[in-house]
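Now for the letters of each chain:
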Amino acid sequence: MNKIYSKVDKEKFISIIRENQRLIYKVCYTYCKNGEDRKDLEQEILVQLWKSLPRFDGRVKLSTWLYKVALNTAFLFHRNESKHNEHKAIIDESVFQIADSNPIPEKEEVIAKLYRFIETLNELDKALMMLYLDKNKHKDIADILGITQTNVATKIGRIKGRMKEYFEKL
Amino acid sequence: MEMNEITNAWDQYNNSLDKNLSIDEDKLRLADLDKVKDQMEYPLASEMVELIGGLLVIAAVLLISLVLIDDPKYFLFGLITVTIGAVYVGLSLIKIRLLKRVNYYDTPIVKLQRELAYTRRRFLKFRAFERLLFPLYLLPMLPLTSKLVSGIDLFTQIPLFAMKFAGVLGVVYLIIFFIHKHLYDKRFRAVENIITRLKEFEKE
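So the sequence lines, in the order shown, correspond to chains A and B. Just so you know, we're using our numbering here: the first sequence kicks off at 1 and counts up by one. Just so you know, we're using our numbering here: the second sequence kicks off at 1001 and counts up by one.
Hints are not guaranteed to be accurate.
What the hints assert, rightly or not - Derived lysine-lysine pairs resembling DSSO-like cross-links, with alpha carbons at most 27 angstroms apart:
id : chain 1 : residue 1 : chain 2 : residue 2
1  : B       : Lys1164   : A       : Lys160
2  : B       : Lys1186   : A       : Lys33
3  : B       : Lys1203   : A       : Lys12
4  : B       : Lys1019   : A       : Lys137
5  : A       : Lys51     : B       : Lys1100
6  : A       : Lys113    : B       : Lys1027
7  : B       : Lys1181   : A       : Lys139
8  : A       : Lys51     : B       : Lys1125
9  : B       : Lys1035   : A       : Lys51
10 : B       : Lys1181   : A       : Lys164
11 : A       : Lys10     : B       : Lys1147
12 : B       : Lys1111   : A       : Lys137
13 : A       : Lys39     : B       : Lys1035
14 : A       : Lys33     : B       : Lys1147
15 : A       : Lys39     : B       : Lys1027
16 : B       : Lys1019   : A       : Lys39
17 : A       : Lys135    : B       : Lys1199
18 : B       : Lys1199   : A       : Lys160
19 : B       : Lys1164   : B       : Lys1147
20 : B       : Lys1199   : A       : Lys137
21 : B       : Lys1019   : A       : Lys135
22 : A       : Lys61     : A       : Lys139
23 : A       : Lys10     : B       : Lys1073
24 : B       : Lys1111   : A       : Lys51
25 : A       : Lys10     : B       : Lys1019
26 : A       : Lys39     : A       : Lys10
27 : B       : Lys1199   : A       : Lys139
28 : B       : Lys1019   : A       : Lys61
29 : B       : Lys1199   : A       : Lys12
30 : B       : Lys1111   : A       : Lys135
Just so you know, these hints were derived from the structure itself, not from any lab.
Could you build all of it, start to finish, from the sequences and the hints given here?
This is the structure in structure tokens:
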């Protein structure tokens, strides 16, 4: 296996997180509504990425791999909610910062509605929706989720239909 | 609202995040990420503790059996306990192997979730078997510990042995029934639900 990050240094890791901060932030926001849980999930994802980065072999795009790790972590986190308190926080506060001078992006009306719609989806459809909105190719979505491209297209079609209905009702 | 309006809004949201979102790099630099046990390590750690516990019990019972080796009855009971203990250890080893086999990192989501759900289902079945086996594990220990701790030979006091046997059996099975009804069934149903949802998701 061609391990391109066989020995990851902290600065390299930080630069990867910096470049993909939006992705991690949105996974946390999609899967945790509560701020405290979101902080815990964020830490869990950072730890997973840190520990698994040496195994990244470059066969897929870094962002595809990051989605897999972040979403898998979010799924497990979601199911093990009762165990969160056992988790010892090593980072007291969120590492993500939103510039004070700007409004919180999620408060923007359409985005707030969109997040409310995503909230109604099951955990797998949430991932699919996020990957679709982030303009990932069907092939990449299929690779991340582990389903066929045809299935991805069918499911996206169905979710779009539900979304249209949801927005029409509002 | 049209689909393209929604996707445009999401694009703007992404742009807004790019402009306004930043990470506190110093916090990341200072954080010792190696020190944190991630959530995926808990089941493995718990199985390791069970394995070590099982081995310690086997060692202790073997020691007691050797102390009481002159009496074949006690030695036989010790042997039964050790055999059942070995089954527990074997099951722990299987579970550890199953957990180590899971690739948590870059496995596609549905595949990993399915693997985890099936592993969890097997674990729950193992647990149910372990609980049913537990009284058989505990009971041969009664005369052994009784002889060693208080010097009482339960084989010469059959009514007392029967009373203790029935008492232990009653309490243990009551606990087993409670665990099964309130924890096992609920967890098993939850795993089955996950498996069903995953199967549905995989259908086109």
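Enumerated hints in conflict with the structure, sorted upward: Checked against the structure, the hints that fail are numbers 1, 3, 6, 7, 8, 10, 11, 14, 23 and 29, while the rest are satisfied.
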